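Colleague: Letter 16 of the sequence shown, counting from 1, is numbered 625 in our numbering, and no numbers are missing.
Any given hint could be a false lead.
[Claimed, not checked] Straight-line alpha carbon distances no greater than 30 Å define the calculated DSS-like cross-link-like pairs of lysine-lysine that follow:
| id | residue 1 | residue 2 |
| --- | --- | --- |
| 1 | K774 | K658 |
| 2 | K746 | K774 |
| 3 | K692 | K774 |
| 4 | K658 | K692 |
[To be verified] Computed beta-carbon distance windows for the label pairs:
| id | residue 1 | residue 2 | range |
| --- | --- | --- | --- |
| 5 | G733 | V699 | 27 to 37 Å |
| 6 | A671 | M718 | 13 to 23 Å |
| 7 | N736 | G655 | 11 to 21 Å |
| 8 | L754 | D734 | 28 to 38 Å |
| 9 | H708 | G672 | 10 to 20 Å |
| 10 | E711 | R742 | 24 to 34 Å |
| 11 | I779 | T652 | 16 to 26 Å |
Source of the hints: derived by calculation from the structure; they are not laboratory data. Predicted model only: the values in this text are computed from it and were never measured. In this text, a Cβ means the ideal position worked out from N, Cα and C, and glycines have one as well.
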Amino acid sequence: MDQLELFKPNLWKPSMQRRRKPEPREWKVISLRECPSPESLMTMDGPAKAVEYWHQHIATTAGFNADVECVAVLVLNTRLRIKGHYLVSVGSLNEAMAHPREVFRVAIMAAAYAIVIMHNQPSGDSNPSEADRAFTKRVREAGQLLRIELCDHIIVGHQRRFSFKENGMI
Numbered sequence: 610m611d612q613l614e615l616f617k618p619n620l621w622k623p624s625m626q627r628r629r630k631p632e633p634r635e636w637k638v639i640s641l642r643e644c645p646s647p648e649s650l651m652t653m654d655g656p657a658k659a660v661e662y663w664h665q666h667i668a669t670t671a672g673f674n675a676d677v678e679c680v681a682v683l684v685l686n687t688r689l690r691i692k693g694h695y696l697v698s699v700g701s702l703n704e705a706m707a708h709p710r711e712v713f714r715v716a717i718m719a720a721a722y723a724i725v726i727m728h729n730q731p732s733g734d735s736n737p738s739e740a741d742r743a744f745t746k747r748v749r750e751a752g753q754l755l756r757i758e759l760c761d762h763i764i765v766g767h768q769r770r771f772s773f774k775e776n777g778m779i
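Go ahead and model the full structure; you've got the sequences and the hints to work with.
Modeller: And the structure:
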């Protein structure tokens, strides 16, 4: 082809392809920013503070049911102050299914330095079951991979609480 032929008008016509109409899109939240008030930035210096937070905030959360097992995660910053919480699972009378994936999903989104797992026992008995021990071990191992520390796993009973950290299990 001669170089002059490239400049002929009929060779430079715009494409006749039809453009598709834009399809509706689904939007998802990929980033959250929380601006906590000073009273919500409680320092997590022991199980007593976590249980206090449980009664003030988690037990009053929409979706929480004291008659079934509920698993919640406290999200902590680098100074071990509570940034917020997430209700991971609402189960049945004697169990709540939770997976480390659900535990760490919110922790990663919130840029957590550490977490505390908490769950209630509708029966009132705060002693851990074998399933509680196994779950704590799996979450701790996953946290080590992600470099998000599991500070404690606390079981809230009617009159007592059980802290895995206080009992040397973490």
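Colleague: Now tell me, hint by hint, if it's right for this structure.
Modeller: Hints versus structure:
1. K774 x K658: Roughly 14 Å between the alpha carbons, so the hint for K774 and K658 holds.
2. K746 x K774: holds (12 Å)
3. K692 x K774: holds (21 Å)
4. K658 x K692: holds (14 Å)
5. G733 x V699: 27 to 37 Å: violated (18 Å)
6. A671 x M718: 13 to 23 Å: holds (20 Å)
7. N736 x G655: 11 to 21 Å: About 19 Å separates the Cβ atoms of N736 and G655, which means 11 to 21 Å holds.
8. L754 x D734: 28 to 38 Å: 32 Å Cβ-Cβ, so the 28 to 38 Å window holds.
9. H708 x G672: 10 to 20 Å: With Cβ atoms ~18 Å apart, the hint holds.
10. E711 x R742: 24 to 34 Å: For E711 and R742 the Cβ distance comes to about 19 Å; the hint is violated.
11. I779 x T652: 16 to 26 Å: Since I779 and T652 have Cβ atoms about 19 Å apart, the given range 16 to 26 Å holds.
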